[in-house]
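First to last, the sequence lines map onto chains A and B. With our numbering applied, the first sequence corresponds to residues -3 to 294, in that order. With our numbering applied, the second sequence corresponds to residues -3 to 294, in that order.
In short, the hints are calculated from the structure, not lab data. Any given hint might turn out to be false.
Which copy is meant is left open, so a pair is good if it fits within one copy or across any two.
[Said to hold, decoys possible] Lysine to aspartate or glutamate pairs mimicking EDC-like chemistry, simulated, CA-CA at most 20 angstroms apart:
#, residue 1, residue 2
1, K150, D21
2, K216, E280
3, K285, E242
4, K285, D33
Number of protein chains: 2
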Amino acid sequence: MAKLVECIPNFSEGRNKEVIEKIVDGVRKTEGVKLLDYSSDASHNRSVVTFIGTPEDVEKAMVNMAGLAYENIDMRNHTGAHPRMGAVDVVPFVPISGVSMDECVEIANRVGKSIGEKFNIPVYLYEKAATSKGRQNLAVVRKGQYEGFFEKIKDPNWKPDYGPTEVNTKGGCVAVGARVPLIAYNINLDTDNIEVADKIAKVIRHIGGGLRYVKAMGVKLEDRNIAQVSMNLVNYEKTAVYRVFEMVKMEAKRYGVNVIGSEVVGLIPMAALIQSVEYYLQLENFSMKQVLETRMWE
Amino acid sequence: MAKLVECIPNFSEGRNKEVIEKIVDGVRKTEGVKLLDYSSDASHNRSVVTFIGTPEDVEKAMVNMAGLAYENIDMRNHTGAHPRMGAVDVVPFVPISGVSMDECVEIANRVGKSIGEKFNIPVYLYEKAATSKGRQNLAVVRKGQYEGFFEKIKDPNWKPDYGPTEVNTKGGCVAVGARVPLIAYNINLDTDNIEVADKIAKVIRHIGGGLRYVKAMGVKLEDRNIAQVSMNLVNYEKTAVYRVFEMVKMEAKRYGVNVIGSEVVGLIPMAALIQSVEYYLQLENFSMKQVLETRMWE
């Protein structure tokens, strides 16, 4: 099984096309990684890059990109609608296959250390890589933003995990972490009544007493004139796709409503699909190594 | 999506370890292909090699192996329990991903032509690559075996598709074809009564009036003291795994028997798994390109 890690760094530049391309080149020019996607938002003045590769290559590509970002972005001139704390704002590492969360935490540590030392940037580890409970939540870490960190960093509670104990005026600070992959998953109902979708969303989701790793809301698909339960599955390992699907189906029944289909928006790790096949076909002792294609990339 | 073809050539040498390794080196020493498995049987005096790769690389590896086999195997001295018609006995190409059956038929033609011309071997195209109905079935093509082909080849019906119209005394003849991947799939029942498994097998399988691409029989798993419906799915695209699973479950019911699990023996193409997820989750517009891992190997 090939070791695969995904990295989705966010940069504080979403307007200057030339600078954005320069930064993305950090991935393009690193061997062994594959650029999956990048997109920029002018009002947020922010870009999100998605790439995958082996742990070593992803690390290398990420440090390269960070260097390019610190060269080309000056936080003193940055404005934008999205909260941000640095030129490289947040760097999550996500295990995809053959890699554990612990390994991604190690990667976050190594990359955090590199960024701290090489570029003289204060680094905060977050989510699964956090060094204390209070640093797990990215929003809490980032609170105060670039401007506020000049004060915040003086608080002993906010001593950086790596790098200097002073904000880098040009580059700001950065949050580096590890997390599970997100899956955008929607379930379509055979009703045009959005209230039904809303009611289902409310009982299915974590905050409503539902499944722990589900965020959900009802939406109306105007073109098809149907209601949809639109979801983010934030930990498919613990809250499996099939479980979400079956529970929505079950809840829909009380309204006499049927599920007419479901959809995965964007990418999904193979393991999330196999988890569902294993359930429905009651597969015994199945291993991802039995998937022919995976053998090609061992 | 990476283009992937599987090739499973059978060679008429299962005893001389040195010769077998020499032939397998034909795969090992070809860039871009991956050796998945090889096994030899002394009483059959035969070896089966499994490898995958891009169409071009698989073609190259196969022609390399054929050359090594013709150098090292002499059919005049060959004895063994398994029917065979040549040093390279049979060469099936199997589409795995991003490749159509038509492309595999083209590969079979190109490789057949190469073997015919380069090594002076009569070549018969079989199964999906067959040039007539009478040549689809490998057993029919191979009938008479190496020894019988000296006469059979004179029959205008058995004029080779490529190569000379006379048997190569040292190398014999060869069957080259294209076929869909086989899936070995078993379903376990909560009964120790093999008769139940047998009865289910008989109605599920093609010859009993069941699903067209299913071969099935009942077996007893002595260690677990349960009965099993043991199957070969010979065309998962047309007869999907989930359909077989649900039908066995349905048939088991009439005996008050439940399915306690199922198992995939060996390898399975990703597409066969996705087909089942799509069914059970009622997925709309899902594409294999949405599987994260596949993006790495585009």
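Hint check results:
no.	hint	in the structure
1	K150 to D21	neither (35 angstroms within a copy, 64 angstroms between copies)
2	K216 to E280	between (39 angstroms within a copy, 17 angstroms between copies)
3	K285 to E242	neither (27 angstroms within a copy, 25 angstroms between copies)
4	K285 to D33	between (27 angstroms within a copy, 13 angstroms between copies)
The earlier numbered hints that this structure contradicts are 1 and 3.
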